[in-house]
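We have chain A already, so just place chain B with the ligands on it with the hints.
So the sequences go chain by chain: A and B. Okay, so the first sequence: first residue is 1 according to my numbering, each after it adds one. Okay, so the second sequence: first residue is 1001 according to my numbering, each after it adds one.
It is worth saying that the hints were derived from the structure and are not from the lab. A couple of the hints might just be wrong.
[Stated by the list, open to error] Stretch by stretch, here's where chain A covers chain B in the computed footprint (C-beta under 8 Å, at least three residues):
{"hint": "1", "stretch": "1230-1240"}
{"hint": "2", "stretch": "1298-1311"}
[Said to hold, decoys possible] The list that follows gives simulated cross-link-like pairs (lysine to aspartate or glutamate, EDC-like), each with its CA atoms no further than 20 Å apart:
{"hint": "3", "chain 1": "B", "residue 1": "K1296", "chain 2": "A", "residue 2": "E111"}
{"hint": "4", "chain 1": "B", "residue 1": "K1248", "chain 2": "B", "residue 2": "D1352"}
{"hint": "5", "chain 1": "B", "residue 1": "K1414", "chain 2": "B", "residue 2": "E1189"}
{"hint": "6", "chain 1": "B", "residue 1": "K1394", "chain 2": "B", "residue 2": "E1413"}
{"hint": "7", "chain 1": "B", "residue 1": "K1296", "chain 2": "A", "residue 2": "D109"}
{"hint": "8", "chain 1": "B", "residue 1": "K1426", "chain 2": "B", "residue 2": "E1356"}
{"hint": "9", "chain 1": "B", "residue 1": "K1378", "chain 2": "B", "residue 2": "E1331"}
{"hint": "10", "chain 1": "A", "residue 1": "K214", "chain 2": "A", "residue 2": "D224"}
{"hint": "11", "chain 1": "B", "residue 1": "K1010", "chain 2": "A", "residue 2": "E111"}
{"hint": "12", "chain 1": "B", "residue 1": "K1115", "chain 2": "B", "residue 2": "D1061"}
{"hint": "13", "chain 1": "B", "residue 1": "K1296", "chain 2": "A", "residue 2": "E129"}
{"hint": "14", "chain 1": "B", "residue 1": "K1378", "chain 2": "B", "residue 2": "D1367"}
{"hint": "15", "chain 1": "B", "residue 1": "K1296", "chain 2": "A", "residue 2": "E105"}
{"hint": "16", "chain 1": "B", "residue 1": "K1394", "chain 2": "B", "residue 2": "D1416"}
{"hint": "17", "chain 1": "B", "residue 1": "K1304", "chain 2": "A", "residue 2": "D109"}
{"hint": "18", "chain 1": "B", "residue 1": "K1195", "chain 2": "B", "residue 2": "E1164"}
{"hint": "19", "chain 1": "B", "residue 1": "K1378", "chain 2": "B", "residue 2": "E1356"}
{"hint": "20", "chain 1": "B", "residue 1": "K1119", "chain 2": "B", "residue 2": "E1108"}
{"hint": "21", "chain 1": "B", "residue 1": "K1394", "chain 2": "B", "residue 2": "D1209"}
{"hint": "22", "chain 1": "B", "residue 1": "K1304", "chain 2": "A", "residue 2": "E111"}
{"hint": "23", "chain 1": "B", "residue 1": "K1296", "chain 2": "A", "residue 2": "D406"}
[To be verified] Far from chain A by the CB rule (all over 10 Å, computed), these chain B residues:
{"hint": "24", "residue": "R1065"}
{"hint": "25", "residue": "D1137"}
{"hint": "26", "residue": "E1161"}
{"hint": "27", "residue": "D1187"}
{"hint": "28", "residue": "M1225"}
{"hint": "29", "residue": "K1248"}
{"hint": "30", "residue": "E1263"}
{"hint": "31", "residue": "Q1267"}
{"hint": "32", "residue": "P1291"}
{"hint": "33", "residue": "D1329"}
{"hint": "34", "residue": "D1330"}
{"hint": "35", "residue": "G1346"}
{"hint": "36", "residue": "D1365"}
{"hint": "37", "residue": "A1410"}
Only a predicted model underlies this, so the values are computations on that prediction, with no experimental measurement involved. Idealized CB from N, CA, C, for every residue including glycine.
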Amino acid sequence: MNGNGNGDMNGEGNDTAVEANESAANGPAAGDGAGGAGEANAGGTGARREQGAVKPAELACPQCGVVVYPGEAFCENCGRQLIAGRPGSGAPRPSGRTRCVGCGEAAVDGEGYCEHCGMKQPADRDHLEVELVTPGGPVAGVSDRGKRYARNEDAFAIAPHTTGVAAVVCDGVGSSPRPETASRAAADTAAAEIATALGAGAAPGDAVRAAVRKAAEAVAGLADSPEASPSCTFVAAVTGPDGVTVGWVGDSRAYWLSESDTSPSAALRDTGELDSSQVTADLKGDPNATTPDAETLPLGPSRRLTDDDSWAAFMVASGALTEAEAEAHPNAHVITAWMGADAGEVRPHVRGFVPDRPGTLLVCSDGLWNYFPGAGDLAAVLRNAQADPAADPTGAARILVRHALDAGGRDNITVAVLPMAAAPRTEQDR
Amino acid sequence: MSDQPQFTVKIDQNKYLPEGGREVHAIVSVESAGGVAAAAPAAQAAEVIIIDTSGSMTYPDTKLRAAIAAAQTAVDTLRDGVMFAVVSGSNSAKMVFPQQAALVPANERNRAAAKAALKRLTAQGGTAIGSWLRLADQLFDPYQAGVRHAILLTDGKNQHESPEELQAVLARCAGRFVCDCRGVGTDWEVAELRKVANALLGTVDIVADPADLVADFRAMTQAAMGKAVADVALRVWTPQTARLKFVKQVMPNVQDLSAMRAETAPQAGDYPLGAWGAESRDYQICVEVPPGEVGKELRAAWVKLVVPGGPGQEAQVLATGNVLAQWTDDEALSTKINARVAHYTGQSELADVIQEGLAARRDGDLDTATARLGRAVKLADEAGNEAVTAALRKVVDVLDPATGTVRLKANVEKADEMSLDTTSTKTVRTRKDETVRTRRSEV
Ligand SMILES: [Zn+2]
Ligand SMILES: [Zn+2]
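Looking at chain A on its own, in the form it has when it is part of the complex (with noise of 0.2 Å):
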């Protein structure tokens, strides 16, 4: 472990690393009616509007007004990032020397080591910070590199569409070369897809499907050969007006938190996970699917939304082993689907659900969810800082994201942040 000469200096980005309450698109609100796409954000933060009622409003570039298609990556007329997640892009650097994140000198040089206090300042990919303001309130993304790895093989991507947000979360197989091509290439491929699809008038269902296929072609695309094929997982949550979809291959998760359960003020709720005879139902169409027709499930208390394709899942959802002896095995982590040249054909899980109550969406990889395996555990450690997801989902992923490098940090920790104002309506408006 040397030669740290100066080729080795400039490989990641010398970028500032945190893309703080980059508002990086903005979609009207399918609203008010006369809501154009000027009006349609001035609720800012908070904004909770009844959706649906009538024909979604088209997306406008957030910095020169220009009517996008939903699921470009870049407004073709100013070339502003439309999705967001990826790093390295987003707003121009600001002049002048940056700020270090250790000493708080403006003393930033161009190899990225702060000249007061020598401190590395975090690659972009190391820490990631991104804040979306949606038609439903902001949402936002972290992601980091955690304390044990020497790069950040997570990545993530939050996609605005005409009536909502696509969030995705993949995390690179570390057995695999080049992991973090991986997840990059299927985050981006997957969120762009989604909104894609959806402003073309796909069901949420189909889109998630379509855009698995998308990204897993993408991943696959990546391999030298198959015996040296990059891989990652893949986990995507829509939100929009009929309500939550999300769909995954391996072993990043989604979960809901109801409102009651983050609250400071709530005393806590029943968390329990999604019971043994909702996990089958997941949505028709998806080949996994053992009751084709299920309806979409109502989305009350806090609950754990997907269940891992993993060999502790397995165990115990065969009832070979339980949940704690599973967990314990050498093997637990060990996934049993991926995204990659080597995994076949990829066949995810896609779930649909309506929520009754507001909440929140965490969208996240196992770097998160070692540590806090529970949606009441999650729950608890914003209830505990007195985070505000609706408000500040920013401050909530951070806090989540602090509490797991608190916890030991062994893996690289990404979280996507979704609050769900208020109950969509139920009926279809198309």
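Just chain B with the ligands, lined up with the frame of chain A:
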């Protein structure tokens, strides 16, 4: 300065520290390359040859005669146009050539005149090295922009001035010229001449046999003629809260530069390296940093090779490198020791234990002498430093090099003891380096 050589700075270290770890070690390798040997060195050069002409130089007479022959060879080795002078030293310094206290350009006529003047030298009087250096400094004064090199030959102790007087002259001359020092015979003191050489960034060596002086002077002069950049320095920046524990040259010989620091820029100091030709040297630095959180990475030192430039002038940066620190709770990473750091740490210790062992031997503390020299045998063996191993074997009988079990020899030639002393600071590269070198040269 356009035909300056290309410099590179390479850092070898293990940047990983355990939780709470504070000490960062690194080897800084500075190399110049790129047609220096082929191209005529750009810098103007000045050379002063100082020959001891104290009375002892005639006991035996071969010393003076060999010194004259060696100085004549040095004069012949000077490139045309190099400004030079020959000085003789005894209780005071006198010009040998030219007669007035000034440098003259090397050319056929001046070389012949200098050699003729040398032939007329006689020896009488005592030894006052400080006064010789003072005259050399005066001669170099108008030539501070170019390469400035002196050769000093002596055969005795500095008896005719106080150590304080010599120290004051060394402080005055430091950074003003480089001086390689040679002792002929065995009546001089290694430690004393080493002090002179270290202060003036030169080498010290024994020429036990006067017959070897000619070759040695030729080699020193050739090396001086190969210098292309007059003054370079290692500028070392450290974080506000860090402390630079030492900066040492470790290749081609061990020399602690820590005391030579000149504050130059905020949080940075310059360590003078003298003149450079086509060559490579290694330095070891040690920085103490405040302990950081696991995962945090620090630039523990920012090393720049610079040409310092005059007052109010920006330094010219030739090459840079980063010494890093990163805290980890992975013991596999933090316990790894960089091979080159270990190698040169061992050779620094080797120089120390030899000098301590020889001092103990002189003082009659034979237990300490045996222990130190035994340790030296083991370290030299580990480092593959064959020159030191050979020199040690003339002073001790080695029973087991692996454990450093030795017995002091009963009768040791004075020259062998002094050779061991002067050899103690000469280092070798790691064996791995040598392998790489061999492979490269085969291509
Ligand atoms: Zn635009
Ligand atoms: Zn700083």
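Exercise. Looking back at the numbered hints, which does the structure fail to meet, lowest number first?
Worked result: 9, 31, 33, 34
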